[in-house]
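Take a look at the letters that make up each chain.
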Amino acid sequence: MKAINQFRNDFENTLNMSEGIIKNIRSKAFEKFISEKFPTRKDEYWKYSDPSSILKLDLNYNDSGILENGNYDIILSNGKIVKTTTKLKSGTIAEGLNNGSIPKNLLKNEKNPFLNLNNAFAINGCYLILDSEEKKDIKILNLISNDGRSQAIYPKLIIIAKENSDSTIFEEIKVKGTGTNFVNSVTDIIIENGANLEHIILDDFAKDTYNISNICVKQKKDSNFISHNFSVGKKLARRDYNIELVGTGANCDLYGLYFVEGNNHIDHHTTIEHKKEHCTSNEHYKGILSGKAVGVFNGRIHVHPKAQKTDAIQNNQNLLLTDDAIIHTKPELEIYADDVKCTHGATVGQLDDKALFYLRTRGLNQKSAQQLLMRAYVGEIIDHIGNRNIRSKIMDIVLNRLPKGD
Amino acid sequence: MLKITNLHASVEGTSILKGIDLEVKAGETHAIMGPNGSGKSTLAQVLAGHDDYEVDKGDISYLGKDLLELDVDERACEGIFLAFQYPVELPGVNNTYFLKSALNAQRKYRGETEIDAMEFMDLISDKIKLLNLKDSLLKRPVNEGFSGGEKKRNEIFQMAVLEPKLALLDETDSGLDIDALRVVAGGVNAMRNEHNATIIVTHYQRLLNYIVPDFVHVLVDGKIINSGDKTLALELEEKGYDKIIEESKG
Chain A
0 MKAINQFRND FENTLNMSEG IIKNIRSKAF EKFISEKFPT RKDEYWKYSD
50 PSSILKLDLN YNDSGILENG NYDIILSNGK IVKTTTKLKS GTIAEGLNNG
100 SIPKNLLKNE KNPFLNLNNA FAINGCYLIL DSEEKKDIKI LNLISNDGRS
150 QAIYPKLIII AKENSDSTIF EEIKVKGTGT NFVNSVTDII IENGANLEHI
200 ILDDFAKDTY NISNICVKQK KDSNFISHNF SVGKKLARRD YNIELVGTGA
250 NCDLYGLYFV EGNNHIDHHT TIEHKKEHCT SNEHYKGILS GKAVGVFNGR
300 IHVHPKAQKT DAIQNNQNLL LTDDAIIHTK PELEIYADDV KCTHGATVGQ
350 LDDKALFYLR TRGLNQKSAQ QLLMRAYVGE IIDHIGNRNI RSKIMDIVLN
400 RLPKGD
Chain B
0 MLKITNLHAS VEGTSILKGI DLEVKAGETH AIMGPNGSGK STLAQVLAGH
50 DDYEVDKGDI SYLGKDLLEL DVDERACEGI FLAFQYPVEL PGVNNTYFLK
100 SALNAQRKYR GETEIDAMEF MDLISDKIKL LNLKDSLLKR PVNEGFSGGE
150 KKRNEIFQMA VLEPKLALLD ETDSGLDIDA LRVVAGGVNA MRNEHNATII
200 VTHYQRLLNY IVPDFVHVLV DGKIINSGDK TLALELEEKG YDKIIEESKG
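Sequence lines, in order, name chains A and B.
The opening position of the first sequence corresponds to residue 0 in numbering that gives the first Met the number 0, with each subsequent residue numbered one higher.
The opening position of the second sequence corresponds to residue 0 in numbering that gives the first Met the number 0, with each subsequent residue numbered one higher.
Hints in this document: simulated from the structure, not taken from any laboratory.
No residue lacks a Cβ here, since even glycine has one placed at the ideal position from N, Cα and C.
Among the hints, a few may not be true.
FRET-style restraints, in silico, Cβ to Cβ [claimed, not checked]:
| # | chain 1 | residue 1 | chain 2 | residue 2 | range |
| --- | --- | --- | --- | --- | --- |
| 1 | B | S60 | A | D322 | 49 to 59 Å |
| 2 | B | D220 | A | D323 | 55 to 65 Å |
| 3 | A | I396 | B | K64 | 38 to 48 Å |
| 4 | B | D20 | A | D352 | 25 to 35 Å |
| 5 | B | I177 | A | D351 | 30 to 40 Å |
| 6 | A | K329 | B | S60 | 54 to 64 Å |
| 7 | A | D352 | B | L67 | 16 to 26 Å |
| 8 | A | D351 | B | K242 | 34 to 44 Å |
I would like the entire structure built from these sequences, with the hints used as guidance.
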């Protein structure tokens, strides 16, 4: 329980860094967090990923990260804005609340303790408004740096895509330095009527890192959200997508690719709430697991009674390169409307021996043949990225990261 | 080029090849004929190096090397090419990219420089025409959604690009209509010269009208029971396997 006391100390010591609305939000969020039990493996939602390992850590709040420049529009260093551009309507969360850019009820108390904990430390963070009818390409760097500490970091990003805007956001996570990191990040996204938003997250390898990441998306009428999530395993890596389709005709496409090796862990829980009629969702997640790694995929589709004519597709595929790698994959469909189309599928397998033999009879050695098949496997996800430059950058990085199979 | 001596091979403990002797010299084309289950395809797979097949006894010498000591890909790089009876579909693997990677792997093995995409396109343009391949097939994933004939033509196209020293054609005629058969045979014939050799594994004499062999061997129950020239294939077609088996016993 060491960490809980430290969360309290950190909270009390930093509360004066905020004032006004945000101070109030932080206090309520912390009360809510502390009043509820910290989750353990006994909770269904955390069955295969043990968050209580975080409680054993000796953690201290730290937002003094290194300064970094680079070809990005916004840079967050340990959760704090260190670069932004006047071309964009953005600023700190507190500013956004004060100037009315962010709806006050967005940072409300939640069921998920990690959302409350993140709100309790909403000291820094960044909001971004994508103006209506405009088209933007934005690059964000989310940098975690550590000079040997055991640190807790709470990156927070709020993105509001106004009516009929059409944007691509490429969010790169980079981890530098050494030490222990507990990174509890939250991205809140609101997509208003008729807006399109493509969101690409590229994760980074990190030692001794416990990452709990929540991406919460609210989609209004005829909006479109396309998500590409490239994640890698860590000591504990959990990334959840919570998508609410609250307007008719909204569509979301969730594409994901995860690699996990060694003794690392990766967990994705995705939830798509179909709340209104004529919404569509399409989810395709693929993983490559090696070593003694553990992967979890839980895909929940919840079709509410009003959500007639829902069309939901979900697919999770896993490639196990070693005998000791483990994947827990589970589709979870909860359907309360009677005129809907929902399909789901999950596969677990190895590289095809016949295909490997065929490639080798043409002169490719075992390793090259494996790489070629894995390239094809990941290509199916990467090919969906609309922006050609980002697509080829991601392809290069992903090919470099392909597990070696040991 | 290739010398097989007293080759015995089995799969999962079941003996399939029971003493094969065969010598193939550069410039020659050999046809191996036999009824279903006689071991024809096993012989082709063993030569290519498939590890489902256990070599229990015997030797295979290829260009002065002990073939059984070489891995599958080393054999390919040394010039052995197997045209599959059932070419494998590779979803997501672009046909052109695949073939360029294979060619470069072989060039690298031989100590030659790798070739780039432009040079590769020049190199394959004639061979595409030779095999009458549609451009679209080159852009598609390897064999995925190809018709039976397109798959076989794609095999021979790969062979034309990789220019093997020893080509093994495993039931290349199966599933081909007469026009496709002509195209495939034309491709194989265009590549034949005094430096390379071809082993054709087939059920029927039909293919041998188009690719005329120098030698025909009849394989029955894991052994070559009869060898001759191309007239043996015609005799087989006329009399059937049973008759030839009886005669060889007698």
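25 to 35 Å was suggested as the range; check whether the CB atoms of D20 (chain B) and D352 (chain A) agree with it.
Distance hint for D20 (chain B), D352 (chain A) holds at roughly 31 Å.
With 34 to 44 Å as the target window, see if D351 (chain A) and K242 (chain B) comply at their CB atoms.
42 Å, holds
I396 (chain A) and K64 (chain B), beta-carbon distance inside 38 to 48 Å?
41 Å, holds
Measuring from beta carbon to beta carbon, are S60 (chain B) and D322 (chain A) in 49 to 59 Å?
Distance hint for S60 (chain B), D322 (chain A) is violated at roughly 38 Å.
Given a hint of 54 to 64 Å, does the C-beta separation of K329 (chain A) and S60 (chain B) actually sit inside it?
55 Å, holds
Note whether the CB distance of D352 (chain A) and L67 (chain B) lies within 16 to 26 Å or breaks it.
20 Å, holds
Range hint 55 to 65 Å: satisfied by the CB atoms of D220 (chain B) and D323 (chain A)?
44 Å, violated
For I177 (chain B) and D351 (chain A), compare the CB-CB distance with the range 30 to 40 Å and indicate the outcome.
33 Å, holds
The structure shown violates the earlier hints numbered 1 and 2.
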